[in-house]
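Taken in sequence, the protein lines are chains C and Y.
Okay, so the first sequence: first residue is 1 according to our numbering, each after it adds one.
Okay, so the second sequence: first residue is 1 according to our numbering, each after it adds one.
Think of the hints as simulated: they come from the structure by calculation, not from any bench.
Some clues are possibly wrong.
Claimed, not checked - According to the in silico footprint, chain Y covers these stretches of chain C (three or more CB under 8 Å from chain Y): (1) 25-38; (2) 83-97.
Claimed, not checked - One side of the interface only, derived from the structure: several residues of chain Y facing chain C at Cβ under 7 Å: (3) Cys29; (4) Pro47; (5) Leu51; (6) Ser52; (7) Leu69; (8) Ala71; (9) Ala73; (10) Ala78; (11) Val79; (12) Ala86; (13) Ala88; (14) Val101; (15) Ile113; (16) Gln115; (17) Trp230.
Said to hold, decoys possible - Covered stretches of chain C, going by a simulated chain Y footprint (3 or more residues, C-beta under 8 Å): (18) 12-20; (19) 62-73.
For clarity, every value in this text was computed on a predicted model and none was experimentally measured.
Ideal Cβ positions, reconstructed from N, Cα and C, are used throughout, including at glycine.
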Amino acid sequence: MSNTSTPPSPPEGPTTDQVLTGFAILLACWLLGEVVSTLLPFALPGAVAGMLLLLAFCLIRRHVPKPIEAAGRGLLDHLSLLFVPAAVGLIDQGPLLSVHGPGLLATLVLSTGITMAITALTLKWLLGRRKAED
Amino acid sequence: MHALLTHPACWLTLTLLAYLVGLSMHKRCQRSAWSHPLIIAVALLLPLLWLSGISYPQYFDSARPIHLLLAPATVALAVPLYANLAHARSMLKPLLIALVVGGLCGITSALLIGQLFGLPREALLSLAPKSVTTPIAMALSGQLGGNVSLSAAVVIVTGVIGALSASPLMRWLGIRDEAMQGFAIGLSSHGIGMTRAFQISTRVGAFSGLGMSLNGIFTSLVLPLLMMVWPL
Numbered sequence: 001m002s003n004t005s006t007p008p009s010p011p012e013g014p015t016t017d018q019v020l021t022g023f024a025i026l027l028a029c030w031l032l033g034e035v036v037s038t039l040l041p042f043a044l045p046g047a048v049a050g051m052l053l054l055l056a057f058c059l060i061r062r063h064v065p066k067p068i069e070a071a072g073r074g075l076l077d078h079l080s081l082l083f084v085p086a087a088v089g090l091i092d093q094g095p096l097l098s099v100h101g102p103g104l105l106a107t108l109v110l111s112t113g114i115t116m117a118i119t120a121l122t123l124k125w126l127l128g129r130r131k132a133e134d
Numbered sequence: 001m002h003a004l005l006t007h008p009a010c011w012l013t014l015t016l017l018a019y020l021v022g023l024s025m026h027k028r029c030q031r032s033a034w035s036h037p038l039i040i041a042v043a044l045l046l047p048l049l050w051l052s053g054i055s056y057p058q059y060f061d062s063a064r065p066i067h068l069l070l071a072p073a074t075v076a077l078a079v080p081l082y083a084n085l086a087h088a089r090s091m092l093k094p095l096l097i098a099l100v101v102g103g104l105c106g107i108t109s110a111l112l113i114g115q116l117f118g119l120p121r122e123a124l125l126s127l128a129p130k131s132v133t134t135p136i137a138m139a140l141s142g143q144l145g146g147n148v149s150l151s152a153a154v155v156i157v158t159g160v161i162g163a164l165s166a167s168p169l170m171r172w173l174g175i176r177d178e179a180m181q182g183f184a185i186g187l188s189s190h191g192i193g194m195t196r197a198f199q200i201s202t203r204v205g206a207f208s209g210l211g212m213s214l215n216g217i218f219t220s221l222v223l224p225l226l227m228m229v230w231p232l
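So that you can see chain C by itself, here it is in the shape it has in the complex (with noise of 0.2 Å):
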């Protein structure tokens, strides 16, 4: 893999330099949406700030740099890997879990239903009274 022969075909995926400086912006945007997060009077997370700062960043200029695709790519492709430091957490809510597991758990069945369901119908009947105006 050295540089000076000139490869037979040109690559398809993203450089190794490409992802660097993927990563580097990525880095850059947490960075700054710490220092936006700052600035707010609510508690916005500085990777969210970071987050919604490459969002607006990308619909003004109409598309993704491809470094930050091809960085993101890389990162979002496992991203369950990320959660598992943290999640192993849970071994210290033991406590926690023994009482209020049971109570945990209906809450979120019930309040996943109803959001899915409330969700879906809110769009059917504003959908439906639109085709009655057609």
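Assemble chain Y onto chain C, guided by the hints.
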């Protein structure tokens, strides 16, 4: 043995291995929601920690590099968010109204029902962002004074519940329109719901991505404001 168990590479390696095992088992279970790789990885790691007598802070010290990548990955969510927003153009107004109604419902129903079951304050704060994608939910929960570990678990379980109940619920409600189904599934049960939605059809999947994206933005802006006034 103790030196090996507390070596930085030890739990980093085991975490990665547990995830890879989870990934291959998930594929073998036809990518069913209950076999989510995170559930399998945690189920493998908890007994290992318990048997080795390693405390969670000791484990976390070793696995920290993986956790650190969560923040840039959260920033990177802007890429799929941007792609998903393209689907919204055709019916932006009804989708935005459904977003406000559904997004508020996701937060308030979790808080109200949780309070009804007598859940403690920290658990309620961890539950409030449960319908949005895990990295955003964890960041919000941590910022608001919830427990990040509990949030990760609660969000994954929410996704599994949503994925398993989506088809029966839609049939029961008599909702056949694919855009309505997808948007509601993604809004209420994020990425795990979206995986299920793509198994129903590409169109249901695309609209679930949109629902997930919009609710991620909506909840991250509204939840911190709402928690300033919610009586807890």
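ask   = Hints broken by the structure, by number, lowest first?
value = 3, 4, 5, 6, 12, 13, 16, 17, 18
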